[in-house]
Structure formats: structure tokens, C-alpha cells
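Student: Now for the letters of each chain:
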Amino acid sequence: MTGEEMHALVARLYPLCRSITGDGVRQTLEIVGEHLPLDVHEVPTGTQVLDWTVPREWNIRDAYIKDPSGARVVDFRRSNLHVVGYSVPVSATMTLDELRPHLHTLPGQPDLVPYRTSYYAETWGFCLSQRVLDGLGAGPYEVVIDATLADGHLTYAEHVVRGRSDEEVLISCHVCHPSLANDNLAGIAVATALAARLDSTRLTYRFLFAPGTIGAVTWLARNRERTGRIVAGLTLACAGDPGALTYKRSRRGDAGIDRVMAHVLADRPHTIVDFSPYGYDERQYCSPGFDLPVGSLTRTPYAGYPEYHTSGDDPGFVTPGALAGTLEALGEAVTVLERDGRYQNLSPYGEPQLGRRGLYGSLGGRSDTKQAQLAMLWVLNQSDGEHSLLDVAERSGLPFAAVAEAAAALEGAGLLKRVGSADEPAGR
Amino acid sequence: MTGEEMHALVARLYPLCRSITGDGVRQTLEIVGEHLPLDVHEVPTGTQVLDWTVPREWNIRDAYIKDPSGARVVDFRRSNLHVVGYSVPVSATMTLDELRPHLHTLPGQPDLVPYRTSYYAETWGFCLSQRVLDGLGAGPYEVVIDATLADGHLTYAEHVVRGRSDEEVLISCHVCHPSLANDNLAGIAVATALAARLDSTRLTYRFLFAPGTIGAVTWLARNRERTGRIVAGLTLACAGDPGALTYKRSRRGDAGIDRVMAHVLADRPHTIVDFSPYGYDERQYCSPGFDLPVGSLTRTPYAGYPEYHTSGDDPGFVTPGALAGTLEALGEAVTVLERDGRYQNLSPYGEPQLGRRGLYGSLGGRSDTKQAQLAMLWVLNQSDGEHSLLDVAERSGLPFAAVAEAAAALEGAGLLKRVGSADEPAGR
Amino acid sequence: MTGEEMHALVARLYPLCRSITGDGVRQTLEIVGEHLPLDVHEVPTGTQVLDWTVPREWNIRDAYIKDPSGARVVDFRRSNLHVVGYSVPVSATMTLDELRPHLHTLPGQPDLVPYRTSYYAETWGFCLSQRVLDGLGAGPYEVVIDATLADGHLTYAEHVVRGRSDEEVLISCHVCHPSLANDNLAGIAVATALAARLDSTRLTYRFLFAPGTIGAVTWLARNRERTGRIVAGLTLACAGDPGALTYKRSRRGDAGIDRVMAHVLADRPHTIVDFSPYGYDERQYCSPGFDLPVGSLTRTPYAGYPEYHTSGDDPGFVTPGALAGTLEALGEAVTVLERDGRYQNLSPYGEPQLGRRGLYGSLGGRSDTKQAQLAMLWVLNQSDGEHSLLDVAERSGLPFAAVAEAAAALEGAGLLKRVGSADEPAGR
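Chains as they are written, first to last, in UniProt numbering: chain W, 1 to 428; chain X, 1 to 428; chain A, 1 to 428.
Treat each hint with caution, since some may be false.
In silico SDA-like links for lysine to any residue, alpha-carbon gap of 25 Å or less [as the list claims (entries may be wrong)]:
| no. | chain 1 | residue 1 | chain 2 | residue 2 |
| --- | --- | --- | --- | --- |
| 1 | X | Lys417 | W | Arg224 |
| 2 | X | Lys370 | W | Pro288 |
| 3 | W | Lys370 | A | Arg100 |
| 4 | A | Lys370 | X | Tyr302 |
| 5 | X | Lys370 | W | Tyr278 |
| 6 | A | Lys417 | X | Ser118 |
| 7 | A | Lys66 | A | Leu149 |
| 8 | X | Lys370 | W | Gln109 |
Since the hints were derived computationally from the structure, they do not count as laboratory data.
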């Protein structure tokens with residue numbers, strides 16, 4: 001998928017009213033399913049998942065505030081952000097003063113509508129711009145939220161690219177936000193694009209599309225044993241804004257994925273930040289009981305841009321180029337994950353004579369030694385069974401690809417052999 | 001005690017002629033004893049203490065240099081700095097030229113009188129300003145030091161705040177300097193104030209008021225076994241000048257006290273320096289045989305200000321505000337020492353649902369999450385039995401108090417329990 | 001040897017036509033042998049050495065390109081750089097176009113002749129300045145290389161300074177470059193000067209004069225067991241140019257020699273770079289099978305100056321002062337290697353009373369404590385059997401010599417004893 005195709009997917013998913021349960025999620029997964037075969041899971045309300053309980057399912061048909069003239073001054077049909085997520089049904093006539101405790105605005109950003117939810121406390125509310133609120137008269141207003149909160153299911157989906165190894169890489173993105181483009185339709189689009197192009201891999205790649213928090217908690221509850229196979233992972237969000245890439249380290253801080261991402265991002269404008277137990281579902285994957293090697297990739301991070309969790313996060317805020325750039329970085333990370341490994345130099349005493357094996361230029365004295373030859377010397381020197389190709393790339397400052405190609409050439413010449421299990425994670 | 005009260009204590013102690021033994025020390029401890037119950041120890045001359053021997057006791061009644069007109073041009077009654085500490089008695093008539101080898105001045109600070117001692121080599125001398133020396137005629141001079149150097153005792157005192165644990169925190173200050181206010185009456189005053197306000201502590205706090213070097217050596221010799229209980233300690237000196245706080249690390253460099261002080265000072269103008277075997281009695285506590293976790297807290301450090309070891313170090317050099325600031329930092333250090341500990345998250349798989357326990361705001365989507373909630377997430381995430389609350393505070397950048405309060409709230413909700421011995425030191 | 005004497009040695013060796021084998025190497029070793037007794041080794045062609053085979057011996061008598069007028073436009077007798085090292089014999093008449101594939105120039109440095117070799121691929125060629133090439137007509141030219149490539153020997157030499165310990169320090173320099181002064185006649189001269197002044201050492205010092213790569217490989221093949229005794233080593237090259245000293249760390253990165261050189265260079269303009277498997281024979285010594293604690297000392301490093309591997313690297317490029325500076329730094333490194341060690345404080349509880357042992361000034365209160373006294377306090381404090389004198393010098397910031405003298409004084413006073421084997425390497 002090109003940047004434009006990913007952007008088109010974002011735009012198509014944008015109008016759907018997603019929440020942590022309900023038909024908006026199902027419709028979203030159906031559309032993603034046009035690009036990828038998905039295993040869709042439906043988990044009944046009331047199911048105990050770790051410390052949580054799957055909540056009732058929420059669906060909404062319509063909602064509005066009508067002024068005395070009958071005009072919809074706040075209208076769910078114009079933007080699903082106008083309703084506080086998981087609002088209970090309401091149908092009442094109220095003055096503005098009675099209504100006010102149920103109205104949420106952003107006084108500092110008076111033209112934008114905020115995004116608010118109330119999943120676990122029964123209440124209802126509307127979100128609107130401060131500008132609109134300031135224009136409202138005393139009322140009375142007709143207030144309607146035509147929603148249902150009833151036993152049903154929590155929905156999530158997986159797409160698995162089976163590799164030669166059981167070891168898994170987890171790519172997780174949340175699918176519970178309504179009309180917010182960067183957070184997280186961009187992440188969904190990039191994950192979809194990455195999944196679509198993986199084939200014949202060494203590692204197994206599991207893509208998880210699930211509602212935030214409760215979805216990750218549910219998946220973890222149902223896949224406890226599988227978590228032991230996860231050798232690397234990323235939560236993917238805010239993947240399409242124009243800012244530089246940001247990698248947030250796993251709780252471990254020195255997991256393979258942390259080193260892989262640092263290496264991949266080194267050549268790009270980027271920021272690396274330490275783990276914190278706030279943000280996306282790395283909160284769950286990195287809880288101390290699991291402590292998985294899962295970091296988080298975003299462009300501008302969580303809460304780091306003024307459009308965050310407002311109506312300003314629309315498809316215009318996301319660019320094809322940024323989506324493509326995120327995908328490209330992920331692709332390079334996959335390359336490292338796939339090709340990294342530890343090797344043993346089979347001729348470790350002195351340098352082997354590369355020249356007679358056709359691996360080395362024959363004319364000596366020149367100082368413009370080529371990268372490929374340097375890469376071979378580095379791989380030979382460091383391949384004592386302890387250092388991985390990523391180690392070599394980091395120590396030498398050479399691109400990982402050059403190091404991996406050198407290793408392949410040396411292995412082909414019988415000078416090198418891979419050690420350790422074939423499926424050990426990159427950066428270990 | 002307020003800054004003003006500490007300053008008044010400094011001023012009251014200032015005129016006494018302290019040395020490493022003698023009545024000046026006893027009078028000093030008597031005055032401190034008005035604020036705190038003290039155990040005063042008297043150790044006889046000749047007692048072997050580690051590699052040292054308790055010296056003879058020195059007491060002085062009067063000393064002067066009289067010029068031919070009978071005027072006291074140098075007069076012990078005006079300042080006890082005028083006599084070299086531990087001078088042997090003398091009564092003689094001498095020309096200026098004969099006297100000169102016994103006179104000490106500071107040519108670079110011509111108005112100040114230096115502080116000099118000669119504890120372990122029998123000699124005598126006078127200290128005076130270069131200005132006075134320059135005005136002296138050829139003599140002859142009547143030279144008198146009415147002192148005794150005789151078998152007696154070395155005097156030191158302890159005040160102990162018994163905690164629930166046997167583990168001890170040692171606060172040590174030297175009491176051997178005559179009329180020098182910052183070095184170390186300020187340290188004595190701050191230690192007294194800290195001791196006076198400690199009550200119902202977890203750890204035991206031992207305050208030691210002892211002459212420098214020989215006092216610390218004597219205490220160590222008599223308390224060898226007790227040193228094993230010391231989990232943290234500080235020598236306290238130069239505690240009242242206007243400079244920023246300075247913490248000098250213990251020899252270990254990564255002892256709990258080193259981390260505690262770094263955390264406490266982080267919010268204040270401060271300097272942290274590595275250990276060196278020069279300065280105050282940390283020299284003895286951090287000798288390799290003991291290697292105690294004892295650092296040193298000062299404001300401007302040892303020998304770091306022009307008034308150091310001169311008559312310029314008078315009560316005017318010490319301010320109530322600086323004394324209060326040192327006490328406040330020490331108080332925070334005690335808070336960390338008291339409250340730090342390692343905890344185990346009892347719901348470590350995924351985040352526990354804080355909302356249903358009333359520990360979390362119910363309205364989602366907002367990005368201005370409060371410090372208290374962040375602190376709970378951090379404590380839950382890091383509480384794997386390995387990380388202490390101080391670790392959490394350092395990693396999260398949150399104030400220690402916020403972290404400790406979060407831990408208390410989570411413990412109250414049954415989500416957390418303390419691990420390890422209750423008396424393990426902070427920062428371990 | 002003074003800087004001038006080393007420079008004279010460089011100038012005397014300069015005209016000889018050295019290569020990896022042949023009479024130029026033998027003549028070079030003969031001249032070095034006038035300063036030092038050398039063990040000269042001759043290893044027959046065809047000998048298997050690690051992954052390599054000793055090549056045929058190459059000797060050259062004359063070589064030239066004569067233009068149609070009979071003038072030698074390129075003449076080996078003017079500079080041995082004019083012939084590609086290991087050229088096979090040739091005697092032919094060729095047009096400039098036919099000759100051109102065999103001509104090597106530096107278009108970017110049109111007045112300089114490059115240095116080229118072709119040890120392991122049979123070919124021939126001439127090196128000349130671009131300026132001369134540009135002036136050549138169409139020809140025909142008489143082209144002669146009067147050389148022999150025949151079974152013979154590879155030649156290298158050793159000089160050993162036997163110490164009281166079997167542990168060895170290896171100083172290795174390559175002797176295979178023809179008329180190149182800095183690379184590496186300067187290294188040969190400095191090694192010779194260092195060897196000449198070593199006497200009654202604790203460690204054994206082995207100086208190796210061998211052709212690059214194949215010489216080091218040959219020595220390693222014939223001394224595999226001896227390599228276990230090498231506790232420190234340096235390859236020495238580019239030792240006479242006016243640039244600052246550069247130390248390249250061993251593959252280990254934290255070997256004793258790495259710390260010793262960092263300490264010695266700290267007081268001088270210098271650069272320290274990490275190991276890379278390119279440069280001089282550290283490539284062989286630091287191959288993963290050997291992984292010896294061998295770094296590399298140069299002034300301007302490998303390929304770091306425009307004259308590198310060109311006719312510009314002549315004796316005028318090397319200065320007596322630079323040669324002397326390199327020798328001085330090496331001398332200090334030897335001092336550390338000789339005198340470093342771990343000690344045990346025999347009076348580790350508190351400070352021992354230095355005053356009664358005459359090791360400490362008797363007048364207290366002064367803040368201008370002398371370096372010698374500080375050094376004693378540091379040595380006493382750190383001597384717990386774990387820290388070496390180099391550790392003490394690094395931690396205290398005092399010169400190594402002051403620390404070593406303090407240790408000697410304390411040992412003399414019975415306060416300190418050396419621990420560990422007498423021959424353990426510096427910096428361990």
C-alpha cells in the first residue's frame with residue numbers, strides 16, 4: 001500500500017463511530033478485512049479478563065441538542081465526537097443551566113470539539129466547541145441520546161503472518177477511537193499495510209486490532225501462555241502526523257526491540273523516550289506481570305500535539321508521506337528482526353585471507369576501502385558467538401543491511417556459521 | 001528550631017575555646033544538652049583507639065603578647081583563634097625576631113586571623129593578622145600562654161532517637177573548632193535542630209558530637225560492632241553560609257544515602273561531588289576497613305570560601321535562612337529514609353481497574369492526567385519487588401512524596417504490599 | 001636516542017626498497033641491529049601460517065619506463081614507490097595506451113606518487129605523478145621491471161628485554177613499506193629508541209619488527225602459546241608526524257593497556273578512538289581467536305593525512321620533536337605498566353596516624369595540603385586489595401607518579417603491602 005492508499009483507508013474509516021465495543025468496531029474490522037484476512041473474536045459482556053470485566057456493549061443511532069426553534073445545535077450526525085462515549089440513553093427537555101454539567105468544551109481551543117468517554121461510570125454528555133456553547137441561549141433544549149448499553153460483546157481481531165519460527169512479533173493498535181484520524185486510524189492503516197506485505201518470514205508476526213486497555217487486557221487474558229513467545233512488539237499509534245518519529249522504549253529499556261528501533265531511527269529525524277506507564281497499550285503489555293519486550297512507535301507522541309483528542313485530528317492532519325515514512329521505518333525494523341543473529345568466525349586466528357576467496361580487492365595501498373570490505377572485516381572480527389549482527393552494525397557504524405550482506409557472503413565462503421537458535425530475537 | 005533559633009545557638013557557642021579535648025568541648029555539649037538529652041562520654045588520655053592514642057587534655061586560661069608599653073598586642077581574651085591550638089605553656093620575654101617563627105598570619109588576607117593547631121607535635125604559637133604583625137616594633141615582648149597539657153579525657157556526646165528498627169542513621173559533626181561559626185557551629189546547630197524534631201521514626205538516628213578525627217576515631221574504636229547497623233550517614237559541617245548545598249558522596253558512590261541526597265537536592269541549587277579522602281570525618285567513616293555509607297553535607301564545602309579557617313568565619317557569615325535551608329533538606333532526606341521501601345504489585349497482570357476502587361477519575365479522553373494518578377500507575381508498574389519507591393521517583397521524575405502517597409493509597413486498596421525487611425535502608 | 005637520532009635513523013632507512021619479503025627488509029633489520037641485538041627469523045616460502053601461506057620472495061634490481069628518446073621518464077632509481085610492490089618481471093615495448101592500465105596516479109594530488117602493491121595477484125605496474133603522466137606522449141615506451149618473484153623467505157626480527165616476570169608487553173611495528181617515512185620508519189625508530197633504553201624491568205618487553213599482515217600472521221602462527229603471556233601491547237606506526245597522539249583501543253576496549261594509554265595521554269593533546277578491524281597489525285592481534293590486549297599508538301592515524309601512502313610521506317614530513325614526543329609518552333606508559341599494582345592498607349580502620357610516622361605535616365588548619373599528602377590519603381583509602389594505583393590516579397586526578405611514590409612511602413612505613421601476583425598487568 002502506498003501512502004495515498006493508506007490515507008484513503010484512514011479517510012474511509014474516519015466517519016465510523018467506534019468505541020470500546022459495538023458496531024463501529026465491527027465495521028472498522030470489516031473494512032480492514034478487505035485488505036487482510038482477519039480472525040475476529042467476540043467476547044461476551046461479563047467475561048472476567050484479568051482484573052477487569054468485559055463491559056456491556058454500547059451502540060448509538062442518533063443524538064442531538066435541539067434549541068427552542070427545533071434546530072440541532074449539537075448533532076451526532078455531523079460528528080460522532082459530539083457524544084461522550086458510552087453515554088447512557090437520554091431524552092429530556094432541559095434549560096442550558098441544567099444541561100451545562102453535561103457539556104464539555106475546550107475553552108483554550110474554542111473552535112474544536114473535544115473527545116470524551118465515560119466507559120465505567122454511567123453518565124451521559126455532549127462535547128462541543130466553546131464557540132457554539134457561547135452562542136447558546138437559555139433554552140429550553142430537547143436533549144436526546146438514542147443509544148443502547150446492553151449485554152453483547154467486545155470485538156477484536158488478529159491477523160497472523162506465520163513464520164518459520166514460533167517466536168512472535170506483536171504489532172498492536174487500538175481501534176476504539178471514533179472520528180480521530182491520527183489517533184488511531186493512521187496506526188490501523190500502517191499496520192494493515194505492513195501486514196499486507198509480509199511474506200515468508202523467519203519470525204511470526206501477529207497484528208492485533210483491539211480496543212484500547214480493555215481490548216489489550218482481554219487479549220492478554222486469553223493468550224497468557226502465548227505471551228512467552230513474544231520476542232518483540234510495538235504499539236502503533238499517531239502514525240500519520242507530520243512530526244518526526246518517536247520511539248518509546250519498553251519497560252525493560254534494553255529489550256531487542258529497543259535496540260532495533262534505535263538503530264532504525266538513527267538515520268532519521270527522531271526522538272527516543274524512556275518507558276512510562278502512560279500512553280497506549282504498552283501499559284498493559286509492560287505491566288510487571290507480563291513485562292513484554294514491547295515498545296511504542298508514534299510520530300508525534302501521545303498528547304503531544306494540539307489537535308490530540310479533538311476534532312482537529314481529522315484526515316487533513318494526516319499525510320500520505322508521513323504514513324509512508326512510518327511504514328518504511330517499520331519495514332526496516334522487520335528487516336533487522338528477520339536477519340539479525342549471532343555468528344561464529346570459523347577462521348578466528350588472524351584474519352582469513354579474503355583475497356584468495358575473491359572477497360577482497362587485490363590492489364593494496366589504497367585508503368578508500370569500500371564499505372562491503374569493511375563490513376566483512378567487522379563481521380569476522382566480532383563474530384565470536386557473542387555479538388549479533390546488530391551489535392556489529394552499532395559498533396561499526398555501518399548500515400545493518402551492509403553488515404547482513406557481509407555475513408551472508410562470509411557464510412557462503414564457509415568462513416562463518418550462525419550460532420544459537422535460529423529464532424532468537426534480534427538485538428539479544 | 002527556627003533559623004533564628006539556630007543562629008542564636010551558633011552565636012552563644014561562638015566565644016567558647018573548643019579544641020579536640022578540654023573544657024570548651026564540655027561547655028559546648030552542656031549548651032547543646034539544653035536542647036537535647038546527651039550521653040556524654042569521657043575517654044582517658046592514653047587510651048588506644050584504632051591506630052591512634054587519646055592525647056593529653058589541653059586547657060587554656062589566658063594568653064597574650066605584651067609590647068614594651070605593657071599593652072596586649074595579641075590577646076586570647078579578644079579571640080581564641082590567637083593561640084595555636086594545643087600550644088604548650090610559655091612565659092618568656094623575646095624580641096620580635098625571636099618571636100617571629102611562632103607567629104602565623106595570612107599575608108593574602110591581611111585583616112584576618114588564621115586558625116592553626118598543633119595537636120601531635122609539641123610547640124606553641126600565636127595567630128594574628130598581617131596588619132597587626134606589620135605594626136609591631138622590635139620588642140622585647142612579654143609572651144605568655146597560660147595553658148595546661150596534662151592527662152585528662154577526650155569528651156564526646158551522643159543523642160539517639162530510637163526507631164522501630166535497629167538500623168541506624170548516623171549524623172556526625174565535629175565540635176573541636178574554637179571561634180569558627182560556619183565550621184562547625186552551624187553544623188552543630190542544624191544537627192541539634194534536626195534531632196529535636198525527630199519522633200516515632202522507623203529508623204534509629206544517632207547524632208554524634210565529637211572532636212574531628214580523634215573523636216570519630218575514638219567513637220569508631222568503641223563502636224566497631226555497631227557500625228554494621230549503620231545504613232546511612234552524613235557528616236554535617238559548614239551548614240550555615242549563604243552558598244548552595246553541596247553533597248559529597250560516600251566512598252561507595254552508590255550507597256542509599258548517595259541516591260537519597262541526590263534526589264533531595266535535585267530541586268534545589270546544589271552541587272554533588274565525588275568522595276575524596278579529605279574533608280571531615282567521612283575520612284574515618286569511609287576508611288576501607290569500615291567503608292560506611294556516609295556522605296557529607298555542607299553548603300559551601302571544605303576550604304571553599306575565603307573566610308574558611310579564619311576570623312572571618314564569625315556569626316555574621318552564617319545566616320538564619322541558610323541554616324533553615326540546610327535543615328529543610330535534611331528533613332526531606334529523613335522523609336525518604338523513613339518512607340522508602342520495595343513493594344509488590346498484587347495485581348501485576350495488566351493494570352488493575354483503579355476506577356472501580358475509586359482511585360481513578362472516571363472521565364476518559366482528557367490529557368491532563370493528574371500527578372496522583374500518574375504516581376499510582378508508576379508505582380503499580382514498577383512494583384515488582386525489585387524497585388524501591390525512590391527508584392520510582394527517580395525513574396518517573398515525580399516527587400518522592402507523591403510516590404509515597406500513591407503507594408500508601410494502593411496498599412490501602414489491597415493492590416500493593418511491602419516486601420523485604422521493614423528496616424532495609426532507603427535507596428537500596 | 002634523541003629525536004634527532006631517531007630522525008637520522010628514519011632518513012637512513014628511507015631509500016631502502018622494503019616489501020613484505022626480500023632484501024630491503026633484511027637491510028632494514030641490519031641497520032636496526034646496529035642499535036639493538038635482534039633475533040632475525042627466516043620463514044620459507046610455502047609455509048602455512050594460520051589461514052595464509054608465506055608467499056614467494058620478491059626482489060627488484062631496476063625498473064623504468066623509457067620514452068622514444070631513451071630518457072627514463074619513470075625511474076625506480078629515483079624512488080622505489082614508482083614500482084607496484086610485488087610486480088612480476090616485465091620487459092616490453094608498449095604504446096602509452098597499452099601501458100595506461102598499468103599506471104597509477106593520484107589525480108587529486110597531481111604532484112605526488114602513490115604507493116601501491118599487489119602481493120597476492122600476479123600483475124605489474126608503475127606509480128607516477130599525474131603531472132608526469134599528463135606530459136607523456138603516445139610512445140612507444142620501453143618498459144622494464146627487473147625483479148624476481150621466487151621461492152625464498154619471509155624475514156622478521158625480535159628484540160626481547162627480559163624482565164623479572166614472564167608476562168610480556170608486545171611492541172609491534174611493520175617493516176614492509178618502502179620509501180614512506182612516517183608510515184612506518186618513524187614507528188621503527190621510536191620502537192628502537194624505546195627498546196634501547198629499557199633495563200631491569202619487571203615485565204618482559206618483546207619488540208617485533210615484521211612485515212604487515214603476513215608478518216604478524218606468521219609470528220602469531222609460530223608463537224600461539226606465547227600469546228597467552230601478553231598482558232599489554234601496542235602496534236606503533238605513524239609515530240613522527242606533527243599531529244597529536246592518537247590511541248586506538250584494543251578490541252576489548254577495557255584492557256589494561258587501554259586504561260594506561262588513556263591515563264598517559266590525558267595530559268597531552270590527544271585523541272582516543274575505539275577499536276576497528278582496519279589499520280595496522282592490531283587487526284591480527286585482535287582477531288577474535290587471539291583477542292589480545294593490544295592497542296595502536298600513532299600520531300595522525302592511518303589514512304588521516306594527505307601525504308599518507310604517497311611520496312609526500314618523506315623524511316621532511318617527520319620531525320625530531322614529534323618522534324621524541326611519541327617516545328616520551330611510551331616511556332610514561334612503561335612507567336605505569338612497571339609500577340602499577342594493587343595494594344592492601346594494613347591499617348584500614350580509620351586513617352592511620354601519619355604524623356607520628358613522619359609522613360604528614362604537623363601544623364593543622366592549613367588548607368593548602370600538598371599533593372604528596374593527598375596522594376597518601378588516596379592510596380590508603382582505596383587500597384582494599386581491589387583498586388590498583390592506576391585506579392587511584394584516575395579517581396583522584398593525581399599524577400600516576402605521585403600515587404606510585406605515595407604507595408612506596410606507605411609500603412616503606414609498613415602501612416601497605418602489595419597484593420596479587422607481582423606480574424599482573426597494569427590497569428587490571
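Student: Are the hints correct? Go through all of them and say.
Tutor: Outcome of the hint check:
no., hint, result
1, X:Lys417 with W:Arg224, "holds (24 Å)"
2, X:Lys370 with W:Pro288, "holds (22 Å)"
3, W:Lys370 with A:Arg100, "holds (24 Å)"
4, A:Lys370 with X:Tyr302, "holds (16 Å)"
5, X:Lys370 with W:Tyr278, "holds (12 Å)"
6, A:Lys417 with X:Ser118, "violated (30 Å)"
7, A:Lys66 with A:Leu149, "holds (23 Å)"
8, X:Lys370 with W:Gln109, "holds (20 Å)"
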